[in-house]
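Q: Sequence:
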Amino acid sequence: MAKGKKGEGNIIVIKRIEEAAHGHHGGAWKVAYADFVTAMMAFFLLMWLLNATTEQQRRGLADYFNPTNEMSQGSSGMGMPFGGMTINSAGQLARDAGAIRVEQGHRPTRLDIEDEADELEAPPTAARRGPPGREEAPQATVTASRPGPPAGDFTRQGETGQRDGDAARMTDVALRLELGRREEAAMEQAAQSLREAMAEDPATAALAGQVSIEVRPEGLRIQLLDADGLPMFASGNATPNERTRLLIRAVATAAAQLPNPIQITGHTDATPFRGEGRSNWELSAERANAARRLLLEVGIADQRIRSVSGAADREPHIPAQPNAAGNRRVAITLLRQAEAPRAAARAEPVRIPPRADTSR
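Quick note: to get this note's numbering, add 53 to the position in the sequence shown (first position is 1).
Treat each hint with caution, since some may be false.
What the hints assert, rightly or not - If you anchor each label on the Cβ, the simulated ranges turn out as follows:
1. S362 / S288: 18 to 24 Å
2. R234 / L299: 49 to 55 Å
3. D225 / Q356: 27 to 33 Å
4. F118 / F97: 28 to 34 Å
5. D116 / I358: 17 to 23 Å
The hints are simulated quantities; they were obtained by calculation from the structure and are not laboratory data. Think of the CB as a built atom: it goes at the ideal place given N, C-alpha and C, for glycine as much as any other residue.
Using the sequences and the hints, build the whole thing.
A: Below is the structure:
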């Protein structure tokens with residue numbers, strides 16, 4: 054306070070304004086918005102589950118959230134197991150059991166520990182229902198031994214099982230035979246188509262005598278054979294000529310009708326190979342591989358080729374004359390995929406008249 058006259062000092066007034074805390078600005082909308090977003094998320098989740106699950110899966114989900122109590126099928130109305138009855142309920146442990154009935158088994162009585170244990174594990178006898186308003190007491194059953202089926206029952210069961218097994222085996226055999234017949238018919242059809250196609254084409258009709266077509270137990274075998282003065286390959290090597298290419302194209306047309314795997318085997322005659330370091334084994338294998346390349350060129354898939362091999366002169370086409378031209382050949386076999394019928398090995402080969410030939 055400034056100094057002045059006594060009693061006349063200046064009065065200083067300090068004004069202090071206390072600001073009260075701001076009130077709530079109404080954030081309840083955030084809670085409502087969060088509830089809305091949660092509900093939308095649950096809705097879209099439900100829609101996704103309905104679209105992405107099967108009827109059986111939806112039943113499983115429903116049972117997970119609302120499990121079915123298989124034991125609460127009683128009449129108590131309380132939804133409790135065993136109809137709401139416990140061992141403490143009156144009359145559950147001690148009730149009039151009525152007369153004891155003894156059942157005689159088919160085997161003599163055995164008083165040992167196993168029989169006693171089996172008797173203890175036997176389920177209790179359920180109460181029998183009487184007329185409305187009346188319930189009969191269950192009868193306790195004492196069994197002297199485990200009743201087994203008579204010997205005749207075992208015999209009948211064995212005969213039934215044997216008949217079922219025989220029927221299953223007969224069904225399996227019939228199925229395999231039917232598949233074999235169908236494959237046999239398909240091979241016959243392909244062989245006939247090849248014969249007709251070669252007969253209709255003048256270029257291949259003249260070479261029909263150099264083609265042997267036969268349905269064998271291992272499959273449909275088509276052999277391209279040499280003839281006198283008409284070899285399939287150049288002498289002493291594996292270079293195919295134009296006749297070979299023409300016949301390979303005809304064979305590929307027939308092979309395209311069937312999905313069966315293909316086996317290619319080269320053969321030679323018994324004339325020793327003229328050259329050092331090589332033999333008929335190498336020559337026959339090279340000719341088989343040349344046939345494989347020609348098949349691939351005309352559209353046969355490489356995955357169908359099962360094997361390519363050379364047999365040299367070990368499997369002559371004309372055994373009586375090992376040096377005959379018909380022994381020099383390439384065999385293309387469409388292998389069976391099903392079991393061949395027993396009477397299906399019908400061969401219709403077109404054989405070349407045997408005549409010795411010194412050319413290779």
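Q: Next step is simple, just say for each hint if it's right about the structure.
A: Hints and how they fare:
1. S362 / S288: 18 to 24 Å: 22 Å, holds
2. R234 / L299: 49 to 55 Å: With a Cβ separation near 33 Å, R234 and L299 fall outside 49 to 55 Å, so the hint is violated.
3. D225 / Q356: 27 to 33 Å: 29 Å, holds
4. F118 / F97: 28 to 34 Å: At roughly 18 Å between Cβ atoms, F97 and F118 fall outside 28 to 34 Å, so the hint is violated.
5. D116 / I358: 17 to 23 Å: The hinted range 17 to 23 Å is violated for D116 and I358, with Cβ atoms some 56 Å apart.
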